[in-house]
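S.K.: Just so we're aligned: 283 in the UniProt record's numbering is position 283 of the sequence shown, and the numbers increase by one with no gaps anywhere.
Hints may contain errors.
[What the hints assert, rightly or not] List time: in silico DSBU-like cross-link candidates among lysine-lysine, alpha-carbon distance up to 30 Å: (1) K84 to K212; (2) K284 to K133; (3) K326 to K414; (4) K92 to K125; (5) K255 to K326; (6) K86 to K100; (7) K414 to K398; (8) K212 to K398; (9) K255 to K380; (10) K212 to K92; (11) K92 to K111; (12) K92 to K105; (13) K398 to K380; (14) K414 to K183; (15) K284 to K326; (16) K111 to K86; (17) K54 to K84; (18) K398 to K255; (19) K212 to K255; (20) K86 to K125; (21) K183 to K284; (22) K84 to K183; (23) K264 to K398; (24) K125 to K111; (25) K105 to K133; (26) K414 to K380; (27) K86 to K264.
[As the list claims (entries may be wrong)] Per label pair, the in silico range of CB-to-CB distance: (28) L362 to L412: 43 to 53 Å; (29) E187 to L147: 38 to 48 Å; (30) R61 to Q101: 32 to 42 Å; (31) S349 to E211: 34 to 44 Å; (32) T406 to G293: 25 to 35 Å; (33) D203 to E324: 49 to 59 Å; (34) E324 to V168: 50 to 60 Å; (35) D203 to R384: 43 to 53 Å; (36) L268 to V168: 50 to 60 Å; (37) S258 to T406: 39 to 49 Å; (38) E425 to S349: 42 to 52 Å; (39) G252 to S309: 54 to 64 Å; (40) E120 to I262: 54 to 64 Å.
It is worth saying that the hints were derived from the structure and are not from the lab.
Ideal Cβ positions, reconstructed from N, Cα and C, are used throughout, including at glycine.
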Amino acid sequence: MGAAIDTILNFLYLRRSSRASAFKIIFAAALAVTVLAKGLNGHFVAQRTIKRLKKELARARSEEQTIRSHADQEQRQSAAEASKIKAQLARKEEELHQTKQGWSKETASNKQTIEHISRELEQRKRREESYMKERESLQALLETRRLELQEAQSYFQSAEAVSEGDVVRTVSNLNSEVFQAVKAMAESFEAGNAATLNTYPLDEARTLVGEKLSQLLASFPDHQQDTVVLETAFQATMVQFAYSLLSAWYIGNWKEDSMANIYKQMLLSESQSVAGRWRALTYKYQPKSDADGHTWEIRLTQSLQSLLSTINLVARGNGEVPEEVKENLRLIVRTALDLRSMIGEQIVSSNYTMIVGSGGELFAPERMEDVWATGASNVKEGTRVLCPSDLGLQRTEKVDSGGDDTSVTALLIKPKVVLETLVEELLPGDEGESVPNPNSSHDS
């Protein structure tokens, strides 16, 4: 409408203007009429739109009123239901409170009952524990008395598992088995080759049979033709081996002597039955095999074979121990182990020890025998022992003589020895001077 009014005003202005042409006036008038028509049409459209919007607004207000009415009603209903629920909750809370009070009273009563029963049970438990302790004490005392009686019976029991005669016979058998093995070794002796001769362990032989016998063994010209030196060295080695086995307290370490020292001190303070029983138990509970699980019979037989192989090499042999001789050596070890059990475990009332002659000591006919003696002994005074030949046996007992304990020793078997005169007889002139050089050749 504003545009139409502006067009009419412009038309009136053109009419007043003297300069406006008729065409322009007519054009302006037509334009004004056109604009006015359009404005009137738009006015009518706007009026219709306004009426429509007013109707829609009225309808929306009516719907809003209706919704509010429904909402107020629902709110009032919800409030009523909420009030009802609150009342129900209040009643439930009251009921729960009353129930809780009832439970609390019942729990308190039950707690008192439980405490009363617990106190009664605790008292009964203490009484029962007291009875059990008293019973255990009586049983322990009874067991202690039984063990003391058993120990006393074992300590003072006079019956021996073996007799002295059994021990003497076993020593004699062992000496015989050594002699047979010596003969078998000497008969099977074979000379070695050059490679073997250059490596024989002479130093080890000196430790086994002594300086003089090892020199004689290495320098003797023909051991196959005359076996006396070879037999003497083999026998000395076996006898010394058996002596070490039978004298050692711990079979796994022959150099360990702490147990022997303890036993010596025990014999000074304790009775023979107590000390002997301690010795028997010490022997009894030693390991029955070595660290690798081999029995002592197998392990010791291997060790004896190694020692005899050394002697064989020093005598310029092949260093081998024949299979038929190994069985003899196994028998020697088995007999020595049996003898060790006899004198270590099975006899308590006496102490039996093995004795041998040592190389270099003075010959004493009252306590040793010359293995080569024939008839009455005519050994010169000052003659020394070359090496042992047979095992000897002696018994030592601790006896009560007028309140003082004394030791009584009896020589049951004299040890046999080889004298140094053997060297003089076999090598007259310069005894033992021609010891062969280990690095020289012996092919000739």
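S.K.: So if I understand the rule, the pair passes when the alpha-carbon distance is 30 Å or less; does K255 with K380 pass?
M.R.: violated (35 Å)
S.K.: Against the 30 Å threshold, does the CA-CA distance of K86 and K100 hold or violate the hint?
M.R.: Measuring from Cα to Cα gives roughly 20 Å; hence the hint holds.
S.K.: Taken at face value, is the distance from the CA of K414 to the CA of K326 at most 30 Å?
M.R.: The hint holds at about 28 Å.
S.K.: Starting from the hint 25 to 35 Å, judge whether the C-beta atoms of T406 and G293 obey it.
M.R.: violated (45 Å)
S.K.: Check the hint pairing K212 with K255 against an upper bound of 30 Å on the C-alpha distance.
M.R.: Cα-Cα ~24 Å, so holds.
S.K.: Between K84 and K183, does the CA-CA distance stay at or below 30 Å?
M.R.: Since the Cα atoms of K84 and K183 sit roughly 125 Å apart, the hinted pair is violated (cutoff 30 Å).
S.K.: Taking only the CA atoms, is the gap from K284 to K326 under or equal to 30 Å?
M.R.: holds (28 Å)
S.K.: Hey, K86 versus K264, does the alpha-carbon distance stay inside 30 Å?
M.R.: At roughly 102 Å apart (the allowed maximum being 30 Å), K264 and K86 break the hint.
S.K.: When you check the alpha-carbon spacing of K414 and K380, does it fall within 30 Å?
M.R.: Answer holds: K414 to K380 is near 19 Å, not above 30 Å.
S.K.: Honestly, do E425 and S349 meet the 42 to 52 Å range at C-beta?
M.R.: holds (45 Å)
S.K.: Using the Cβ atoms, figure out if D203 sits within 43 to 53 Å of R384.
M.R.: violated (22 Å)
S.K.: For K125 and K111, compute the direct alpha-carbon distance and say whether it is at most 30 Å.
M.R.: Roughly 20 Å between the alpha carbons, so the hint for K125 and K111 holds.
In terms of the numbered hints stated before, the structure departs from hints 1, 2, 4, 8, 9, 10, 13, 16, 17, 20, 21, 22, 25, 27, 28, 29, 30, 32, 33, 34, 35, 36, 37 and 39, listed from lowest to highest.
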